[in-house]
Structure formats: structure tokens, C-alpha cells
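> Guided by the hints, dock chain Z onto chain R, whose structure is given.
Chain by chain, the residues:
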Amino acid sequence: MNMSDRDRRALVLGGVAVGMIAVYLVALNPLVSRYNDMLADHEQAAAKVARILGEERKAADQARQIAEWERKAGQLSEPKPYSEQITSVSYKLVAAYQASGMQVKNSNWTHPIPWPDDRTLSLATIRIDAEADWENVFKFVAAVYRIEGVMSIDRLELAGDSKKPGPLTVKLAVSVLVRSEGDNRWAS
Amino acid sequence: MTTVFASLPAPDVMSRWWNMPDADEQRLRQMVSHRLEADLPLPIDQLTWECRRLHGAPAGPQGRWVLTQAAPRDRVARDMAALAAAGLRVDAMTTEAEAVGALYRHGINHSCHPGTEGIVLATADEWVIAVLTGGLTRSVRRIRVAADDLDVTCRECRQAIEAEVPLREVHRLLWCGSSETTPARQKAAESLGLTVEVVEPHRQLVEVGGTALTSGQLAAFGPALGLALAGLLEHNTVIRLAGREQDRIEAGRRRVESLLRYPWAWMATAIGLLIVTLIIHVAAIKWETRQMQTLLKGWDKTQSTAARIEPKYRALLRLEKYRIDVEGTIADLCRVVPDSIVISSIQLSREQRLVIKGTASDPKAIFKLADDLRTGERFASVNPERSEPGQGGSFTLTADLADVRRLTAGLPRGGL
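If you read the protein sequences in the order shown, they are chains R and Z. Counting in the numbering used here, the first sequence runs from 1 upward without gaps. Counting in the numbering used here, the second sequence runs from 1001 upward without gaps.
Extracted from the complex, chain R is given alone in its bound form (with noise of 0.2 Å):
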């Protein structure tokens, strides 16, 4: 069969044709897909390496903030069973007492309950019924607020009387953050 110039010449250019999208297909197109799975790892791992150095930054700053709290307010702590928290700082309250020279008459714990932001923790209330000087009462709010596991004073009553000089009448109610689990004894 004899084959004319046009004839040859479109075989030669489908060949070519064919050959390149045989190449395409078996080289050029894993290749890129290889490429393109490389890339998609790369940016993978450094989006993640770069989330860490994100934390690490931010958990330098916090650092930060909490010596400077410390600093000013006492060691900072996560809360404590409520035994041991409620001892614990039952024992530092009387410290307190006792370096502002409050006279305390009477002092007694409260039911916890469910700390609102948090189910594992509650907040345990302990009410102080004293007699102190108004130097003294101060004194003593800011002995309690360096005390480990005090979240806050939520209530304070001072009264007293113009025309009777004497101590003020103090009523206080110190709160306490304790974890919810462990020997509660109002745990039901």
C-alpha cells in the first residue's frame, strides 16, 4: 500500500498527538499530582507548627500575667477537694484573725453550690460573724484575699454605733471555689 506525503504526514502528527497525551497521562500527571499531595502535606505541618508557636507565644503572656498577680495577690491555684480546700483555708482564716485582730464569734460553712461557669467545681460559702475596729476589718479583707483558694468577699456588713464608741459589728461571707468530686460530705 503506498502511503501519500498528506497521509504520512497526519500519521506523524497523531503520533506526536497520541504521544503526548500518552505522557501526560503515565508522567506528567502523577507527577503533578505528587506535586500538588507534597504542597497539601507541607502546608498541613505548617499551618500546625505554626498553631503551636501561636500557644506558646500566648502562653508566655499569660505567664506573664500570673507572676504579676501572684505578685500582688497570692499564689494562684486550681480548686481543691472540699475537704481539704475547706480546711485549708478555714486554718488561714484564723491566721487572719489573728494578725488584723478581728474578734470573730462565730464562723460556719455553707452548702456549696454548682459553680455556674464550671460543672466540676462549686462554690462553698463561709459566713464570719466578728467585731473589729474599722483599721482591723481592712486589715483582714486583704489577708483573706491573698489566702490560696479565696475567690472573693460576696458579702460584708458594717455597722455601728454613733453614740456608743466601740469595735464595728462585721458580717462576712467569704467564698470558697472546691471541686465537686471527692469527699463532699453534702455531696448527695
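Any given hint might turn out to be false.
Said to hold, decoys possible - Coverage of chain Z stretches by chain R, computed from C-beta distances (three or more under 8 Å per stretch; other residues unrestricted):
{"no.": "1", "segment": "1290–1297"}
{"no.": "2", "segment": "1322–1330"}
{"no.": "3", "segment": "1333–1346"}
No lab work stands behind these hints: they were computed from the structure. Heads up, the beta-carbon is just placed ideally off N, CA and C, and yes, glycines get one too.
Below, chain Z alone, put in the same frame as chain R:
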């Protein structure tokens, strides 16, 4: 410092006198190059060429007249090599036409004419005939003198001039030669029908001893003298076909040409470099990914700084959010209590606000206290709820604590 100028003989140089549009130097060179390519029998890359504008004369219909001179590159190189072999380091290789032009401009006493004129440097054996326009030499021819037949010589002279311009356009013929050439001059004037003016050497052209040059000497050594004058007075504007400066340019051009001689090699090198770059790029990405993955594998979240300080930080946030600043609140209150008020009780609580009870000797002082409490940022909704000025001035005042957050699930209620 000695400057060496040399000139190529007129037969080796192709001269063209073209009218070109006014353009800057680079554009003019491009135009001249295109025109030379079309006009000359040799490919332009085998030529060394230079052009020079005619200054001082009015622009022609299209622009200015430009004299372009070219010579075969190998011929110029051969002459330069010969001169170098003779121990001469040539600063500029110009053309004989430029030498005669410099002689015309600086070497003879005459009044310059803006039009076309001829000059003949005549000796007993040879005439050098040049045609000039506006002082630039358009052509130079040498003809042998037939002593016994001046008609032949004059005919050749006419042909030499008419080869460049029609004779009628020639304004005059300047004649420079010894007295022996007087018959020839008369014959030429008669034969050509032109005004022939005898010119003398410029008075500043003298011999070593100070004697003025004669016309005969000027005719015999005119081109050489012109070359010297060109070197002395026109070294910046004279056409340079070769020389130190030209060599430098040529060397640069040759380097570029040699670089472009192997395009396939360059392409292969470029492709090779591209492949190497790709390999390095892929290897770098893989290495980086591996390093990061190793780092992530070894990363223990529980041992991180964030994990270690997290409980303390949560405690800090809780305290910042919920702790009541008792000292600050009482201090702010005491700061604004006037002397006329005696406070009998203060109640401060998260849920039940601030309640102040007391007595005031001045009833207005209660309201002043309320106003003063309102001006600070700590107290809001300050209300003097009860005042009994008729019963000893007792009062009750309540306020909200602006920076105290209430708990959503209630704290134990009831009195203390």
C-alpha cells in the same frame, strides 16, 4: 602623550551622502544601519562603519545631511594588525576623506562655502581630487597625471567630480599646487568651466624651523597633514572605523556574538538549570515537611507551657471576673462622704448591691453624696431611698456596683 591617527586609503572606503530625518544619535545609527544594509553589497556584519552629521548647514527637505563611511571589517583588521606589527598602537583609524576634510577646514587659507566645491591637491605626478559639501568630504579620488596630455587628466578630473555631483552644482574648484602646476590649473579651469581659486597653506602650518609651508609641500603631503590636523583638532568628531575605543566596542560585540553562537547549548543549559532548580525546590519542601513532622511527633501537648499554666490562668480569669474589690469600693465611698454625714452601716453584697445607712446633720449632704457617688465609675443607679430630716436626719442610700458580676446560679440567699 602621543596620539596615533591613521587613515584608510579612499578606494577601500565606501562613502554615502544621505539626507536623514533629525533624530537622536541612537535612532540615527539605526536608520543608517538599515540603509547601509540595503545599499551596500556586503552584509553589514562584515562591515565597520561610522557616520557623521553635517552641522552648521541648514537641514535639507527631510532633515540633515549625513556622511556615512564603511569599510570591510577584515580589511580594517588587517591594516590595524599591520600597524600594530610595526609598533604603532593606533588610537583612531579614520578615512582619507576625513583627512582631506580636516585639511580643507584647518589647513588652507580660503573662505568657507556652505555649498558643494572641489579641491585639487596637484603635484607633477598625481592629483588628489576631493568633492566637499558644507566642509565634509563626500569623495576622494587620485588620478595619475599624463604630463604630455593634460586633456586626459582634466577629463578624468571631470569624471571624478561628476561621479559624485553634477558639475553644475560645484560652486568652485580650490587649487593647491606648486607653480609648476599652473598650466595644468589653467587647463583644468578651461576644461571644467569652473572658477578655479588658488589656495595657500594656512599661516600656522610651518616647518620645524618655522619656515612657512609652500603650496607644493601642501599638495604633496596634504592628506597626511589633514590627518594630523584631524587628530589634533577634531579627534572627538572624526569618523573612526577602528582604534582603541572601537576595539573595546568591537571586543564587547564579539563577546556577545560568541555567546549567542550556540543557542541550543544555552537552551539545554537553561533547561538543565530549571530541572536542577525544581529538584532543589522539591527536596527543600520535602526536607522542611519532614522536619516539621518530626517536631510535631515529639510535641507533647501536656508538657507544653500552655498546658502547665492553664489551671492557674483559668483561676486568674475567674478571679478577675468575679472577685469583688471590697477595699477599693469602701475607699471610693469614704472619699466622697462629707463631714456632715455619719454612716451607721454599710452593706455590700454581690446580689443585693450597696446599702448605706446613716444620719446627716445637713439634709442636702445626702444628695451631694449621691451625686458624688454617681460621678465615679464604680457606682451606678445611686438612689437616696429614704431620708428623714425631721427625725434626726437618718437616711438610706442604695447603689449598684458597676464592676461586680452576678452569678447566674444563685449564691445562698438570706441574711447573714
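> For every hint, state whether the structure bears it out.
Do the hints match the structure? See the list:
{"no.": "1", "hint": "1290–1297", "result": "holds (count 4)"}
{"no.": "2", "hint": "1322–1330", "result": "holds (count 6)"}
{"no.": "3", "hint": "1333–1346", "result": "holds (count 4)"}
Of the numbered hints given earlier, the model fails none.
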